[in-house]
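Chains as they are written, first to last, in this note's numbering: chain W, 1 to 56; chain P, 57 to 283; chain G, 284 to 528.
Because the hints were derived from the structure by calculation, they are not lab data.
Every residue, glycine too, gets a C-beta built ideally from N, C-alpha and C.
Check each hint, because a few of them may be wrong.
[Stated by the list, open to error] To give an idea of the interface, some chain G residues facing chain P are shown, with a C-beta separation under 7 Å as derived from the structure:
id, residue
1, G424
2, S430
3, A438
4, R440
5, L444
6, N452
7, I455
8, Y457
9, W463
10, L466
[Stated by the list, open to error] Below are the PhoX-like pairs computed for lysine-lysine, each with C-alpha atoms no more than 25 Å apart in a straight line:
id, chain 1, residue 1, chain 2, residue 2
11, G, K518, W, K38
12, G, K303, G, K399
13, G, K303, W, K40
14, P, K111, G, K461
15, G, K303, W, K38
16, G, K518, G, K303
17, G, K518, W, K40
[Unchecked claim] Label pairs and their calculated CB-CB ranges:
id, chain 1, residue 1, chain 2, residue 2, range
18, W, W7, G, A313, 54 to 64 Å
19, G, H480, W, T14, 50 to 60 Å
20, P, I112, G, G302, 27 to 37 Å
21, W, T14, G, F352, 26 to 36 Å
22, P, M108, G, W402, 43 to 53 Å
23, P, Q181, G, L466, 20 to 30 Å
24, G, M479, W, V30, 46 to 56 Å
25, P, Q185, G, M479, 21 to 31 Å
26, G, G302, W, I6, 47 to 57 Å
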Amino acid sequence: MTGLDIWMRENPLTYVWLGSYAFALLIFVVELVLVRHKRKLTLEQIRLLREAGEED
Amino acid sequence: MKELTLFGMLKLVVQRDMTLAMRRRADVLTTLIFFVMVVSLFPLGVGPEMEMLRKIAPGVLWVAALLASMLSLGRLFSADHQDGTLEQMMLTPQPLAVIVLGKIIAHWMVSGLPLVLIAPVLGIQFDMQMETLGILILGLLLGTPVLSMIGGIGAALTLGLRGGGVLLSLLVLPLCIPILIFGTAAVDAVATGLSPVSHLSLLGALLVLALTFAPWVAAQALRISME
Amino acid sequence: MAINWFKYSAPSTFYALAGKLIPWFAISAAMLFAVGLYIGFFVAPVDYQQGEFYRIIFIHVPASILSMFLYLVMAGYAALGLIFNTRLSAMMATAIAPTGALFAFISLWTGALWGKPMWGAWWVWDARLTSELILLFLYLGYMALHSSIDDPRRADRASALLAIVGSVNVPIIYFSVKWWNTLHQGSTIKFSGTSMHVAMQQAMFIMLAACWLYAIAIVLARVRSVILERERQTKWVAELPEVRA
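Chain W on its own, in the form it takes in the complex (with noise of 0.2 Å):
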């Protein structure tokens, strides 16, 4: 591991960007999409049911 060591004493300030706030990022939109992936399936689901009802 010296090899990422001797990289990351080199490079301070890309380590802290890229390890940790661009890590963050990431997880900040994965969240997001996850939730708007949720909100259309759900939608998707309710369009579904109602379809169902009406053709009763």
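Starting from the structure of chain W, add chains P and G where the hints point.
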């Protein structure tokens, strides 16, 4: 008919559960064997060096005791749940918490106490000294009932669920960490010549806390699961 | 005031309210993130001991604080739901859990990244990090229990009880882990003993606010989906514009 006091009810439930447990002696023994096996795995995994084994002994024994207790917790309510006895228990005028406490006591006597009794034998395998063994047993004696009580809450919450056993462990293990920490710290204290009294008193305090609240919380959990 | 409260405890009114609020929270969160990061990286000076590496704290500390705070809020809603039997409280608790868990995860990850330049190892059994890990387990246990129960009412109430039991345990766990850590002379990941430069404090506070606003926005968004799902059989849902589309 003589009216049943709270303590009488408690005694009744403990006796009943113990009798039922004795009829299925295999269950009791498997928990014990699991405990012994898990403890024996560690030297096989980390090597037989006595110096190191002596150091990890309290931790290994405590973790194994934790895991072994978890194993048997699924059975706490399931049998009564399946044959409808649990519903009857919930309808009695006596507080459900007392019944739950009785079941937990019986569970501990059948699954927890044997572990405490066999732990010193295993401790010797790890070359633990006499004083440390004594503190280990005392700690286990105080801690395993708390494990049973926290486990009782978990068992009530996961009643009848698929994947119950593992889910139960997932829920209960984080909550048992303080007991693990204080139990092992007490042994380490004695090993380094310090007093284990503070650690053991903390264990005692947790025991009292658990005794006061856990049966009631578990009863609430049962009501939630049985609605 | 009392009347307004109960009006918004009806899922239908809350759904509409949340929908209106989300953009405000989201935009202010984004702005605060931008400002906070600017101050944190371009205004705050280099640390005497830790160089540039310390700048991780501007995400690590807010994430930790928020993961703990969210757990308490979740337990609070859980308690409300159990005591007053309000459906919306239970839904809020469910909606908070994933966000709290993700913040705990960010806290652990950034904590590890901070530990590496400081201590040479990706993970040190620092008391706070270890407690954070246990907190993550508590979140995961909550979510696992909730998803294992089919009946939504039982799921809500069972996980609510678990959340409350967990929150009572959190101080005990924290205390015991701290004890354990000092007992074994573990390392402590701490910021330099000298007082923090004013810009560092500002950046920290702004980032904390940013994370907090983000959390509100995303939880409100998630709870809207939960409401839709739970109330899918009702008339007010059937008449929503997004459903009719």
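Q: Using the Cβ atoms, figure out if Q181(P) sits within 20 to 30 Å of L466(G).
A: The hint (20 to 30 Å, Cβ to Cβ) holds, given that Q181(P) and L466(G) are roughly 25 Å apart.
Q. Is the straight-line distance between the alpha-carbon of K518(G) and that of K38(W) 25 Å or less?
A. holds, 21 Å
Q: Take the C-alpha atoms of K303(G) and K40(W), compute the straight-line distance between them, and say whether it is at most 25 Å.
A: holds, 18 Å
Q. Should the interface hint for A438(G) be scored as holding, given a Cβ-Cβ cut-off of 7 Å against chain P?
A. violated, 10 Å
(Q) Checking hints one by one. Is N452(G) an interface residue toward chain P, by the C-beta closer than 7 Å rule? (A) OK, holds: N452(G) within 7 Å of chain P, min 5 Å.
Q | chain P contact restraint for Y457(G) - C-beta distance below 7 Å | A | Violated. Min distance 9 Å.
(Q) Against the 25 Å threshold, does the CA-CA distance of K303(G) and K38(W) hold or violate the hint? (A) Between K303(G) and K38(W) the Cα gap is close to 19 Å, so the pair holds against 25 Å.
**Q.** Range agreement (Cβ of M479(G) with Cβ of Q185(P), hint 21 to 31 Å)
**A.** Because 48 Å falls outside the window, the suggested range is violated.
Q. Measuring from the C-beta of I455(G) to each C-beta in chain P, is the shortest one below 7 Å?
A. holds, 5 Å
Q: Return the status of the interface hint for L444(G): holds when the least beta-carbon distance to chain P is below 7 Å, violated otherwise.
A: holds, 6 Å
**Q.** 25 Å Cα cutoff - pair K303(G), K399(G)
**A.** violated, 43 Å
Q) Holds or violated: is the Cβ of W463(G) closer than 7 Å to a Cβ in chain P? A) holds, 5 Å
When held up to the earlier numbered hints, the structure conflicts with 2, 3, 8, 12, 18, 19, 20, 22, 24 and 25 and fits the remainder.
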